[in-house]
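One letter stands for each residue in the lines below.
Number of protein chains: 2
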Amino acid sequence: PVSGGEKVQSKLSAASIGPDWTKVRCPCCVSDRVEPLVLVKLGEKVGPETKRWIIRVIGASQKDGGAALLAHPGEDASGDIIVVSAPRCTLLRATEELGLCKIYRNGDMEAFSYSDRDNFKDSGTMFLTLAECQYIVKYELDGLRAQRDLRIPGLPDSCTLHNRDNIWQKLRSFGVIVDTFPLHNPDKLKNLSEAWYSGNQLAQPLDSVNEYFGSSVAFYFSFLDFYTWSLLPPALLGLTITYFSDIEGDSEPPVSGHMLQAVFSMLWSTVVMELWKRRSSSLSYRWGTLHLAERFAEPRPGFHGDLGVNPVTGRVEPLFPEWQRDLRMALVSVPVVGLFLGLVVLGMMCFYWAEAQVQHLHNDWDSLLSQTLLYMPSVLHIVYTNMLATVYKTVAQSLTEYENHREESAFQNHLTAKVLVFTFFNYFAVLFHIAFFKQDVPLLRKRLASLLIVTQLINQVTEVVIPFLVDRFISAPHRTQSEDDPQEEKFRNQGTLPTFPGLFAEYIELLVQFGYLSLFSCVFPLTAVLLLLNNLTEIRSDAYKICKLFRKPFSPPAANMGVWQIAFEVLSFVSVVSNCWLLLLSPRLQDMFQEGGMSSTNVLLLAVLVEHVLILIKVIMAVLIPDEPDWIRKKREHIEYSSMQALRQKKSTRINRRTQKYRSCRQLYRHL
Amino acid sequence: PVSGGEKVQSKLSAASIGPDWTKVRCPCCVSDRVEPLVLVKLGEKVGPETKRWIIRVIGASQKDGGAALLAHPGEDASGDIIVVSAPRCTLLRATEELGLCKIYRNGDMEAFSYSDRDNFKDSGTMFLTLAECQYIVKYELDGLRAQRDLRIPGLPDSCTLHNRDNIWQKLRSFGVIVDTFPLHNPDKLKNLSEAWYSGNQLAQPLDSVNEYFGSSVAFYFSFLDFYTWSLLPPALLGLTITYFSDIEGDSEPPVSGHMLQAVFSMLWSTVVMELWKRRSSSLSYRWGTLHLAERFAEPRPGFHGDLGVNPVTGRVEPLFPEWQRDLRMALVSVPVVGLFLGLVVLGMMCFYWAEAQVQHLHNDWDSLLSQTLLYMPSVLHIVYTNMLATVYKTVAQSLTEYENHREESAFQNHLTAKVLVFTFFNYFAVLFHIAFFKQDVPLLRKRLASLLIVTQLINQVTEVVIPFLVDRFISAPHRTQSEDDPQEEKFRNQGTLPTFPGLFAEYIELLVQFGYLSLFSCVFPLTAVLLLLNNLTEIRSDAYKICKLFRKPFSPPAANMGVWQIAFEVLSFVSVVSNCWLLLLSPRLQDMFQEGGMSSTNVLLLAVLVEHVLILIKVIMAVLIPDEPDWIRKKREHIEYSSMQALRQKKSTRINRRTQKYRSCRQLYRHL
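Heads up: the sequence lines are chains A and B, in that order. Under the UniProt record's numbering, the first residue of the first sequence is numbered 1, with each subsequent residue one higher. Under the UniProt record's numbering, the first residue of the second sequence is numbered 1, with each subsequent residue one higher.
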């Protein structure tokens, strides 16, 4: 058991699950307490000989084509679950392969090295986090490849494995394996939830979140936290502006609140994103993910290509030329995504056209039928949008599969980017239409306020209240569990929870919020206040949700927010364009300029000038604020320097070693 | 002699200079042929004991605070020159320290490692280029530091060295050393000039330029070459447009040539800069400068700070906190530069005001006096501008000194950036004034045409013809040299040539050209043609200049064009704004829109929309075109991977080595 909480583990595993774990060969890994990490759920019709074969593969050493993990058949040797754990050596080797950093004996974080493991602090216990252990188990299982053509015992002849087939993928497609998910650790979960959302605490226990749920989840909550607190300045400004404009009534101050709010929010968004980058890199250092070596590890299971020698690592693996991927992206993905965006616009145009038609009809007829017809365009539009979104998600998935990315993170980033562009477009198309074509600021203000209040309420309800009710009143009665239940039953119960849907929905919610705030906030100064209030509850509800309402997710180690970082930054630049435009439309400013005797062309020129200057300021700020704190830069450069030195020494080590051997022997001779 | 051309060298050095070189301790460096690399010119009043002391310091090992170089007192032991060369070991050690890459035995470029030198190809001869050798000599001399307080023999007591003083800097300030410059190699120079500019060859011998003049010079000529050829498409387009618009006369095609030219040049500039980045990185790989380790080497001589342990390399050296440098830049440099830019604008405004006044006066009086007065504003403005530029150069130099950069390249980049912004502003202020305030396209066209033709002619004359005439008719008669002259005399003659003024003037010429082309080309379609013609001669004249008219410059290894790269890219984005604006002003387009019944506000809106779309396209293109070719990326990643592996192994090497020693001894025992 590399992870902590050993006392609890001993009870859980040794007592309840029993000592039936597969044997470990490595002497340093033998232990009488094994922590169950991952549950593999088999199909109903899987025979015991197939199960035995799977357990053998899981337990076999990597040399023999196995995963070098520990497997436990559960209470009943013919039951439909396999509990998987990992011996220490496998975990540590994978830690090196993934490029995770750990605390070295001098107190710095350094890339973990298996052969140097004794010099890392606490390498015995409390070394890897629970999330890391579980991810490593998944990584090893996903990496299983058949070493030759073979038949799986107990399966029909059609289900054979060919050389280099991915075993886990194949078993899934044969229906042998239904599910693979990490197990909750009830005691740790209890501690975490108490520190996270049960009390009135303001700060989140981010390190514990990282330890329990892994760094990609922890990055989401860190960003949510950071972003929520950074809403304070615009919220205060918004409150002040609202207060003073109420007091003054129609006295028209020389600098309107709108303008102040707009310029502030434009500069604020850049500062926030730059500061977040710095925070993100120090978090990544703290969580040991600053030097992830995904590029140098095995490619992701779905990656295919002609076998060849990887020029970077020198290993034999599938290769796929970069230019071919670029070609596929440029010639297939981009046009398809463009097509779907076009369909969104088309849908919106049809909606407006139909609405106008129906209104016209209603005015002519004014009957009950025509009144019902009034709702038709909205209903049709909603149905159309939802269908489009569903189709698009599948299409985006297959497009990204087709692009054939080597790394899991690249795959996820490209998939996210595709869905993100579409979703964002879907959300904002109507607002942009109102702002840029209808040029109707009051309508925009009304729409924005209702969106902010209604969508957030709906979100909170659908995200938390409904799953909570379902869980409490529909699912829970079926799985009332007592302390005396066999451990296996408890594990199986976790499988009845729905799968965690991933962080996409959470991130897009933040992005849309950020969009409301930075794109249109100057028309509704209270946006930041509403968002601040929403986010304070959002932190708690998201935490509750991930802890209680879903299965524990696998979470790959992550060094930053990936593509979301870019999305937020792009939005912050688009906001300059939109804010300048909205200011131009604002009636008070138009009055002011007309009083000042400026022609509309000159006002427009002024707005364009202001926009360019603001963009210039934002670019300069983004360049000038360093992306990582000074101390991280130093640590990073130190690591680069040491690797450079090491590379030089390594080349000559062989020669030196020979000399040294010769010398030591000579000394010995002399001694004799 | 690490460098090639050994037969020639033997004659030059052993025969002419004689065997009086300081002795080398290292057995592998002993050679009877030493190539003279650098000439140190001493002050007239320097006594022989001081000269002997300097020669001793140059020759002493680095452990004893020397430079570990070879020194030769010249024919006359009390003469005022010292010829410096370098033994093989010093050169190779410095090669490692600078992080230069060389061809490894497997054919790849790898960072040179002194302890692994035998595995590099041709490490005996033809290994370092002449420019590298000479730069290394300078690097070692510049790095000389006093190891304790000491008096220099033959100098007054006021001239003492304190512990850790930079010896070379101090000797310069005492007037002991007047000059340090690299020596030409006449035979190599002859070969180079024949291949470069004597014939009608179209391609430049870039590798030989790199070998003889070093990579920073070679990068300039590579860029000049690349840029010149990339002028072909806009030149052809410009010719076509001019031809057709002449034929059609006033028939007004639906898409005007202006528009086509503008959109083309906007996209063209991004493509060219992206492709140049790729070319630049492959050149940098070829010339072994892809992994320069300047950050990890000794700080530059002028760098000062409190002594401390560098957290990156672990060496004791002066440290200066990053934030303090940032503070100095933000609070001192930026305002001062801004002030000078303000002075330029002020000067321009005064000029216009004075011109109007004088014109007014002339209209009133119409006398000879008033006619003379008409020229006064121009004369005063030119005097003012020149004085300002001279003052600014000194100010920029001290500002950059004050910023206290650790690396020479950072220093140069910051200095260049400062001068560049000012010079550029100076050149373009008038054009921008005409384009944006006077909004006078015909005047702009006239001005641009005259600038292009006149400035280029003037440039060619001042840059080449005058130095050539001076060299041929004024300087040359004083240094007529025959084959029989003593070698020393030939060396001394090289000192009479003027110092090479650096590449700033050459680069700024290209940048200003590029500015004319990308900012204003749509008003004068023949710009690219004129520039192409100019550059074809520019290549030759620049090559002639650097080979014949100046002393050979020291040239630090460079991995790219540094800050010039950024300047060109920024310009290419500014060009979108300026071109869209000029199109808006173009009379033909205005007519077209008025015929189409668009209000001026709507036309402006359209222009802004087009501008934003074009900027978006340029950003996307810049992101999508990778900055380095695929094969370089793979090589780079391979190096990163190997260093990561090496770092891991290094940590455990000590343990392994101990085991191995033990094992080999045991085997020996058994054997006995």
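In case anyone wonders, no lab produced these hints; they're calculated from the structure. No experiment lies behind these values; they were computed from the predicted model shown. All C-beta atoms, glycine included, are put in the ideal place defined by N, C-alpha and C. A portion of the hints provided could be inaccurate.
Keeping only pairs whose Cα atoms sit at most 35 Å apart, straight-line, the calculated DSBU-like set for lysine-lysine is [as the list claims (entries may be wrong)]:
no.	chain 1	residue 1	chain 2	residue 2
1	A	K393	A	K438
2	B	K102	A	K170
3	B	K102	A	K635
According to the in silico footprint, chain A covers these stretches of chain B (three or more CB under 8 Å from chain A) [stated by the list, open to error]:
no.	segment
4	292-301
5	519-533
6	599-607
**Q.** Which numbered hints fail
**A.** 2, 5
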